[in-house]
Amino acid sequence: MATQIKIRVNERQWTVAAAPETPLLYVLSNELQLQGPRFGCGLAQCGSCSVLVDGVEKRSCVTPVSAVVGKSVTTLEGLPAWYAAQKKLAAAPARHPVQQAMIDEQAVQCGYCFNGMIIKASELLSKNPAPNEAQIRTAMNGHLCRCGSYPRVVKAIQRASQAMEATR
Amino acid sequence: MTGSLRRRNFLKAGGALVVGFPLRSVLLGQESTAARGTTPGPPDPKQVDTWLAIHADNTATVYIGFAELGQGNSTALLQVAAEELDLDMSQIKTVRLDTNVTPNQGGTYSSASIQRGGPQLRTAAAEARAALLKLASQRLNAPVDRLTVAKGVVSVAGNSAQSVTYGALVGGKLFQLPFTGSAPVKPVSEYKLVGTRVPRNEVPDKVSGKYVYMQHVRVPGMLHGRVVRPRGQSAYGAGAKMVSIDESSIRNIPGARIVRKGDFAGIVAENEWDAVRAAQQLKVTWATTPTLPGSAVLYDQMRSAKTTDRVVTDRGDVGSAMTQAAHVASGTYHCPYQAHAPFGPNCALADVKADSALVMCSTQDVYGTRGGLARLLNMPVEKVRVQYYEGSGTYGHSCYDDVAQAATVMSQLAGKPVRLQFMRWDEHGWDNYGPAHVGEVRAAADASGNIVAYEYQGWQHSWSGVETTAQLIGTPPAEFPAGGVMGVSALNCGGMYAIPNVRLVNHQLPAKEYLKGGWLRSPLDLSFSFASEQTLDQLAYMLSMDPYEFRRRNIKDERWLGVLDAVAKAAQWKPARAASKLSDAKTVTGIGIGVGTHLASYGAAVAVIEVNKETGRAVAKHLYGAIDAGQTVNPAFVENQISGQLVQTASRMFKEEVTLNTTNVTSLDWNSYPVLRFEECPEVTPVVVQRLDQRSTGAGEEVMAAAAAAIGNAFFDATGVRMRQFPLTPTRVLAALKRG
Numbered sequence: 001m002a003t004q005i006k007i008r009v010n011e012r013q014w015t016v017a018a019a020p021e022t023p024l025l026y027v028l029s030n031e032l033q034l035q036g037p038r039f040g041c042g043l044a045q046c047g048s049c050s051v052l053v054d055g056v057e058k059r060s061c062v063t064p065v066s067a068v069v070g071k072s073v074t075t076l077e078g079l080p081a082w083y084a085a086q087k088k089l090a091a092a093p094a095r096h097p098v099q100q101a102m103i104d105e106q107a108v109q110c111g112y113c114f115n116g117m118i119i120k121a122s123e124l125l126s127k128n129p130a131p132n133e134a135q136i137r138t139a140m141n142g143h144l145c146r147c148g149s150y151p152r153v154v155k156a157i158q159r160a161s162q163a164m165e166a167t168r
Numbered sequence: 001m002t003g004s005l006r007r008r009n010f011l012k013a014g015g016a017l018v019v020g021f022p023l024r025s026v027l028l029g030q031e032s033t034a035a036r037g038t039t040p041g042p043p044d045p046k047q048v049d050t051w052l053a054i055h056a057d058n059t060a061t062v063y064i065g066f067a068e069l070g071q072g073n074s075t076a077l078l079q080v081a082a083e084e085l086d087l088d089m090s091q092i093k094t095v096r097l098d099t100n101v102t103p104n105q106g107g108t109y110s111s112a113s114i115q116r117g118g119p120q121l122r123t124a125a126a127e128a129r130a131a132l133l134k135l136a137s138q139r140l141n142a143p144v145d146r147l148t149v150a151k152g153v154v155s156v157a158g159n160s161a162q163s164v165t166y167g168a169l170v171g172g173k174l175f176q177l178p179f180t181g182s183a184p185v186k187p188v189s190e191y192k193l194v195g196t197r198v199p200r201n202e203v204p205d206k207v208s209g210k211y212v213y214m215q216h217v218r219v220p221g222m223l224h225g226r227v228v229r230p231r232g233q234s235a236y237g238a239g240a241k242m243v244s245i246d247e248s249s250i251r252n253i254p255g256a257r258i259v260r261k262g263d264f265a266g267i268v269a270e271n272e273w274d275a276v277r278a279a280q281q282l283k284v285t286w287a288t289t290p291t292l293p294g295s296a297v298l299y300d301q302m303r304s305a306k307t308t309d310r311v312v313t314d315r316g317d318v319g320s321a322m323t324q325a326a327h328v329a330s331g332t333y334h335c336p337y338q339a340h341a342p343f344g345p346n347c348a349l350a351d352v353k354a355d356s357a358l359v360m361c362s363t364q365d366v367y368g369t370r371g372g373l374a375r376l377l378n379m380p381v382e383k384v385r386v387q388y389y390e391g392s393g394t395y396g397h398s399c400y401d402d403v404a405q406a407a408t409v410m411s412q413l414a415g416k417p418v419r420l421q422f423m424r425w426d427e428h429g430w431d432n433y434g435p436a437h438v439g440e441v442r443a444a445a446d447a448s449g450n451i452v453a454y455e456y457q458g459w460q461h462s463w464s465g466v467e468t469t470a471q472l473i474g475t476p477p478a479e480f481p482a483g484g485v486m487g488v489s490a491l492n493c494g495g496m497y498a499i500p501n502v503r504l505v506n507h508q509l510p511a512k513e514y515l516k517g518g519w520l521r522s523p524l525d526l527s528f529s530f531a532s533e534q535t536l537d538q539l540a541y542m543l544s545m546d547p548y549e550f551r552r553r554n555i556k557d558e559r560w561l562g563v564l565d566a567v568a569k570a571a572q573w574k575p576a577r578a579a580s581k582l583s584d585a586k587t588v589t590g591i592g593i594g595v596g597t598h599l600a601s602y603g604a605a606v607a608v609i610e611v612n613k614e615t616g617r618a619v620a621k622h623l624y625g626a627i628d629a630g631q632t633v634n635p636a637f638v639e640n641q642i643s644g645q646l647v648q649t650a651s652r653m654f655k656e657e658v659t660l661n662t663t664n665v666t667s668l669d670w671n672s673y674p675v676l677r678f679e680e681c682p683e684v685t686p687v688v689v690q691r692l693d694q695r696s697t698g699a700g701e702e703v704m705a706a707a708a709a710a711i712g713n714a715f716f717d718a719t720g721v722r723m724r725q726f727p728l729t730p731t732r733v734l735a736a737l738k739r740g
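So the sequences go chain by chain: A and B.
Taking the working numbering, I'd label the letters of the first sequence as residues 1 to 168.
Taking the working numbering, I'd label the letters of the second sequence as residues 1 to 740.
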């Protein structure tokens, strides 16, 4: 049965009516109309639905909405503000450096997987600001892409790492 | 005429105009975009207004009939139009594909956007430009040949103060001009935009969550839908037979409602999670009669099946040439069913009313899909409107038509708009797979290394012509007539070589006894090329020749030689007989080369692979791919396409295989149908062979066959063993190495 659930998404409080076991993804898509996290498999196998929960990448398709009560959820839409808070910047940039790097490298093809790619890469760089290529590949290995964008995603993450280094 | 006049009539009204009339007198006062979208298409392709509109703010809208699938064609086609119109890229845009708005340029198939769409848009834009210059000539009182255009501003040569913008000349009005196709196009030597690396329009929105994918579309009052089908399809001819359905099994989900028609079943609910869990919980018993061979005996059954045979090519005397040749190489190759498996399963939203329907989906062909939906609804096509929203990459005929049909049936049954999202197992299990293939190849060379005879015999079935939804509600299954890319052809079976004696035979299997088949990116080409190019590589080996040199000797076509040389150069190819550096090390590397195509372009590839002989793990370390697609409008896009093709080919050659038992497909998710991941991804080097003076041909699938071949040949170079089957899984590699 649907109950009133309070969740914090992109630094805003929301009260949603949902059964507690409802996967977070459906709440984000339907109640909050967010377009970052998206359905890919519903099995936590691909990463298209990824969000950050307290800064840690989670698969929203298998995370019950009740499990994020009291936590802070960040979606693709909220990444620039999340980055600004982390870096103690006065204002949020237009895009997270990883998002900008994906444009600069023209890494995207269909782009459906890029929600997860960007979320996971942002998590990685927040923990390890200067990963080497092997570390990038290992960190990203749970995120699938069908168009074959992996080589450019690796380059974009390296570029974002350098851009973040330059601003430190 | 009034503003309410419908567009089609508008266009007919202008049909009498010929270039040379004083244009001012025939430009009407109506806003050019106001009438668009109100009448069923396709709009008249013989009218310039169908293709583009010039607005008062000196910008243009181009109406394109091709789907953006992530390949960049929506930007590249604007480059073509902007080039002819002398507009800046910031002044030109396009609109959503819509059967009420955009022209019918045929489906976005066979890498056709630039090949077919480019010339159409180019000549339409040239026609519009000629008309604009005539108007400017009158306005500026100067002859056309003294006018120059930059960024949509027409100026008199030598007097830039005398100028007028396109927007001021026609802004907001229709051209009312027939599209004769006769306006002269800009010489290639004057190109400023075509051939340059303009960035893609849609990428910033795609990385920020602003891009509206089909999966994001919602409309007021809609229900969420899920289909209920067996997990994994049976033989195409068998469909799915519902034995019983226990409606009480979802009684605890009051928001969920069952919709049924024949063997078609689905759930609709206001709440998406209700629809998801009810569809999984609903107890349906399906017939489990064995209808499939199962993976273990698939190829045996295919090879021994009763087939419809066709001699595709029979040139010279293959039999006697083989007998007299110094060297004969041969092999039998087994190639699996593979899935489109779009990363986001297909989604559609249908709103079916008593006498009309609006369907939003990710089809590669809005007009083709409209026809199928009209038949399904028994409505005239004019009553059905289809709008395109990009989904995740589809790589051919995935379930986008099936999901559109299913959403339509569910909306009709529910009496409300229905948004249907396929689940992962629906998409993986009910795909139109790239068909499995058995190839038997023989090739012969004389002692000096000339290929003298070639024979290819191939076994596979054709494509399925009726979608699952239509089949489940009662339409009998039907197959496409074999031919073209659906069977053996010279394209990838030796056609690029100069060979005097050639015999190609196609053995068509009965499609209804196998899985549903369809166009999977570079259909069957990887299979043909894997078999053909390994056989020819074996000849080079028997001749103790370098495989690159062997190909150079036997290819006479300049453009094939061009891509072959380009890729060899990029890979810094060092001449050597294959398998000349075999070692006892646990991990060995090899390099291989191959050529191949899909239809009209030229592809060549080099692969460097690594094989662990103890574990059987084989991975591509570096793939090089070269494409000559004639005039390449945007080299950056083609490089991205080549990179994607190389990575996807690695996935298909090392990982991907649809599995089946005797009743159902059993590869239903990313665990049971593994694809390439980051840690196994090769480095890639794309090479564009630019030929601005040649007509553009496809670039979206033209180097996969070459890459498949290069991988097979690299394996032989590393191990001295021929892989006769892909994907090159550890089990299969270990078995091949043991066999020797």
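Worth flagging that the hints you see were computed from the coordinates, not collected in a lab.
Quick caveat: nothing in here was measured; it's all calculated off a predicted structure.
Just so you know, even glycine gets a beta-carbon here, dropped at the ideal spot from N, CA and C.
A portion of the hints provided could be inaccurate.
Which residues of chain B face chain A? A partial, calculated answer using Cβ under 7 Å [unchecked claim]:
| no. | residue |
| --- | --- |
| 1 | A157 |
| 2 | K206 |
| 3 | Q215 |
Stretch-level coverage of chain B by chain A, calculated; a stretch enters the list once three of its residues show a Cβ under 8 Å from a Cβ in chain A [to be verified]:
| no. | region |
| --- | --- |
| 4 | 62 to 76 |
| 5 | 139 to 153 |
| 6 | 364 to 374 |
| 7 | 449 to 456 |
| 8 | 491 to 498 |
Verification of the hints:
no.	hint	in the structure
1	A157	violated (37 Å)
2	K206	holds (3 Å)
3	Q215	holds (5 Å)
4	62 to 76	holds (count 3)
5	139 to 153	violated (count 0)
6	364 to 374	violated (count 0)
7	449 to 456	violated (count 0)
8	491 to 498	violated (count 0)
When each numbered hint is compared with the structure, violations occur for hints 1, 5, 6, 7, 8.
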